[in-house]
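Note that the protein sequences, when read in sequence, are chains A and B.
Going by our numbering, the first sequence wraps up at 308, each residue one higher than the last.
Going by our numbering, the second sequence wraps up at 754, each residue one higher than the last.
What the hints contain is simulated information worked out from the structure, not anything from laboratory work.
Don't take each hint at face value.
Claimed, not checked - Here are the computed distance ranges between Cβ atoms for each label pair:
#1 B:LYS616 / A:ASP242: 40 to 46 Å
#2 B:ARG413 / A:ASP204: 56 to 62 Å
#3 A:VAL90 / B:THR703: 50 to 56 Å
All values derive from a computational prediction rather than experimental measurement.
A virtual CB, placed ideally from N, CA and C, is assigned to each residue, including glycine.
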Amino acid sequence: MGSLATPAPIRRRRRTKLQRRQTRLAWLLLVPALAAVAFVAIYPLGKTVYQSFTNQEFLAGIEPTRWVGLDNYRDLWHDSIFRDSVWTTVKFTLITVAFEFVLGLVIALVVNSSFKGRGVMRAVMLVPWAIPTVVAAQMWKWMLDDVFGVVNDLGVRSHVLSHSRAWISDPSTSLASVCAVDIWKTTPFVALLLLAGLQVIPRDLYEAADVDGASKLRQFWKITLPLLQPAILVTLIFRTLDALRVFDVFYVFFGSRPDTQTMAIYDQSTIVGDGHVGYGAAVSVAIFLIISLFVVIYVTFMRVNEER
Amino acid sequence: MKRRLLVLVAGLVGLLSLLVSLGVASGATTRATGAVAVKPPPVPNAAAIKAKYGGQTITFVGDSVGNSHKRDLMLAARFTRDTGIKVNVVPHPAASDASYSQLARAFSSKSSSIDVAMIDVVWPGAFAPYLVDLKPKLGAQARLHAAGIIRNDTVDGRLVAMPWFGDFGILYYRTDLLKKYGYSGPPTTWQQLFAMAKKIQDGEQQSNPDFYGFVFQGNAYEGLTCDALEWIASSGGGNFIDNGKVTIDNPKARAILDAMRQQIGQITPRGVTSYQEGEAHNAFVGGNAAFMRNWPYAYSIGAAPDSKIRGKFSVTVLPHGPGGRSVGTVGGWQLAVSKFSKHQDAAIEFVRYMTSPAVERFDAIFNTNVPTIPSVAKDPAVVKANPYLKPQIATVARVTRPSNSLKTRYNEGSKAIYQGINQILNGTPAASVLPSIKSKLERLVR
Numbered sequence: 001m002g003s004l005a006t007p008a009p010i011r012r013r014r015r016t017k018l019q020r021r022q023t024r025l026a027w028l029l030l031v032p033a034l035a036a037v038a039f040v041a042i043y044p045l046g047k048t049v050y051q052s053f054t055n056q057e058f059l060a061g062i063e064p065t066r067w068v069g070l071d072n073y074r075d076l077w078h079d080s081i082f083r084d085s086v087w088t089t090v091k092f093t094l095i096t097v098a099f100e101f102v103l104g105l106v107i108a109l110v111v112n113s114s115f116k117g118r119g120v121m122r123a124v125m126l127v128p129w130a131i132p133t134v135v136a137a138q139m140w141k142w143m144l145d146d147v148f149g150v151v152n153d154l155g156v157r158s159h160v161l162s163h164s165r166a167w168i169s170d171p172s173t174s175l176a177s178v179c180a181v182d183i184w185k186t187t188p189f190v191a192l193l194l195l196a197g198l199q200v201i202p203r204d205l206y207e208a209a210d211v212d213g214a215s216k217l218r219q220f221w222k223i224t225l226p227l228l229q230p231a232i233l234v235t236l237i238f239r240t241l242d243a244l245r246v247f248d249v250f251y252v253f254f255g256s257r258p259d260t261q262t263m264a265i266y267d268q269s270t271i272v273g274d275g276h277v278g279y280g281a282a283v284s285v286a287i288f289l290i291i292s293l294f295v296v297i298y299v300t301f302m303r304v305n306e307e308r
Numbered sequence: 309m310k311r312r313l314l315v316l317v318a319g320l321v322g323l324l325s326l327l328v329s330l331g332v333a334s335g336a337t338t339r340a341t342g343a344v345a346v347k348p349p350p351v352p353n354a355a356a357i358k359a360k361y362g363g364q365t366i367t368f369v370g371d372s373v374g375n376s377h378k379r380d381l382m383l384a385a386r387f388t389r390d391t392g393i394k395v396n397v398v399p400h401p402a403a404s405d406a407s408y409s410q411l412a413r414a415f416s417s418k419s420s421s422i423d424v425a426m427i428d429v430v431w432p433g434a435f436a437p438y439l440v441d442l443k444p445k446l447g448a449q450a451r452l453h454a455a456g457i458i459r460n461d462t463v464d465g466r467l468v469a470m471p472w473f474g475d476f477g478i479l480y481y482r483t484d485l486l487k488k489y490g491y492s493g494p495p496t497t498w499q500q501l502f503a504m505a506k507k508i509q510d511g512e513q514q515s516n517p518d519f520y521g522f523v524f525q526g527n528a529y530e531g532l533t534c535d536a537l538e539w540i541a542s543s544g545g546g547n548f549i550d551n552g553k554v555t556i557d558n559p560k561a562r563a564i565l566d567a568m569r570q571q572i573g574q575i576t577p578r579g580v581t582s583y584q585e586g587e588a589h590n591a592f593v594g595g596n597a598a599f600m601r602n603w604p605y606a607y608s609i610g611a612a613p614d615s616k617i618r619g620k621f622s623v624t625v626l627p628h629g630p631g632g633r634s635v636g637t638v639g640g641w642q643l644a645v646s647k648f649s650k651h652q653d654a655a656i657e658f659v660r661y662m663t664s665p666a667v668e669r670f671d672a673i674f675n676t677n678v679p680t681i682p683s684v685a686k687d688p689a690v691v692k693a694n695p696y697l698k699p700q701i702a703t704v705a706r707v708t709r710p711s712n713s714l715k716t717r718y719n720e721g722s723k724a725i726y727q728g729i730n731q732i733l734n735g736t737p738a739a740s741v742l743p744s745i746k747s748k749l750e751r752l753v754r
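Isolated chain A (complex conformation) (with noise of 0.2 Å):
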């Protein structure tokens, strides 16, 4: 399709009727997904970033919309409380995406053996993921409330813990119960994906492996894991990119607290509570930036690796 739109400028001289042809339709062809992308991506996306150099408010009458140039980027620049909700979230990010691909990666391994009740098990394991976030975020706040907390009394009883916590309220732990719940609820998924690319290893390699006496622990280092590592790949940006946006687990467990905001609470919070359109359409902006620099990352790996 790419060499069709734009073949090599060598090749253009010979082109064929035929292939002449085939572009025009190729091109008709591509033109109701374009607009489509057009209509759904690049207009918001454009719209943002011109309401970002305005002052527009989200109610009327407050004051009149007008060009203010890079006034909102300069404010941001300066703006400690974005600070701390970008260092909030990329913290967020590193800790969940790390302990979902090692827990995803265990427990693929694990349901991608042969066992019995391989079936109930692969479906049982998707639990927490088929629950709504909103709805798990509510539970765990509940199961880890300081004074009916379910969290709380086990680990009472079982002399794990001295005396209740505010998991959530208390500063020091505030990050890690997020965590927690964000890895309960996501490393099923994280597995589920892994599964699906070991499957597609072809079993033959590990019997040749076994014919030529390899460890198992030999062969999941010089088979499994570099034939894993497209799907690994695609995992993580997945699971970056999510963890970059997250808004709705904050939201239930702290609400407007600003000590635990992530960037996307932070935008929602500007734009609808204090009104300002064109600040939030910046940070808006400013998030779009740095999760492109994430993927930026990611696809320059891939193709290092490809390379390779």
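Could you slot chain B onto chain A? The hints should help.
Okay, now just chain B, sitting in the frame of chain A:
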């Protein structure tokens, strides 16, 4: 065979998660039982309204705390029966600032999905351009209400909302426990409250490990702005903004906020910094707290026949700091009609009914809310149901949140305040937080 098993298991998983989510959702609805037996009043002039607007449907974004959603449903059902106008009652988010966001979204998108909405006493300025002027139709009824609130709800000569019920912060205390631990009356200063709460908590925790001395609204949301205003104003530390000048950062404010910070986890649950009204009244009505700061609505829940603390609690004015005097933050809710409503006349008739003396009397007895109509507040049946209407409590000095100085920027200013105070309660000294709240507020005051 194997595939069929997998499908079966997947179905079971789906069913299980559905059940879990339903269970959680039903757990979230607050119990609404056993308020005082009193019936919604009939709609005056119902036949004429029915002839004109019968058959129309309006959506009312109403209350959600305590028994109030049940009250809204009862009143709406009566209104529908009498007038033929169907009312779709939708409870708003319990946190006032979340409710603000919901309305702001609806208004800015010119949505006709909301006809009548309840709006907080601090919002008329921000929402005025989106609300119908009620003066032509409800001007006469407005004169029955307290003049101060009508002034608050009038923006540029337009009556954009009608007072529905008032609110002010009061102290709830357990009379039985005070007696048990040798106290003759409720505390008058914050220091007394801390000491009494500590002693009662130490004693009660022997038999009930979930028991704490004091609960209030410590979450980072609008309610904390109200609570903090009471702490600071009752200690002589001003009202956040006085005469257009930001006064929040002063030694008295620092002292009382640091004193509160030191009580967190000592005489309060550590998690009180995530409590809103509902969490506070659940703890107090469940018999797990000696003192509670809350609005009057919670009285009806504590006094209900199935309440654990029925007959064992009373209310009084909030304590004060050294050299200060007791105060209560002014709260209260108004009813407004959206400009984008397709059934404005039917909506106005609903507002007329809901803000009438008969309905305010019903609300004051059923849900122990503060009437905004002075003659209703003097009604013997109302006074009997609402001990806070006794003159020695009802005449407490009222303090108002700085919506006059912040105007359309109120919501943003309040966020700066409650986020900062929440940070203090969670362990940061007041001296390192108040200066930044101050500078944020100074940028918003014009």
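Checklist entry - Looking back at the hints listed earlier, which ones does the structure fail to meet? => result Per hint list: zero violations.
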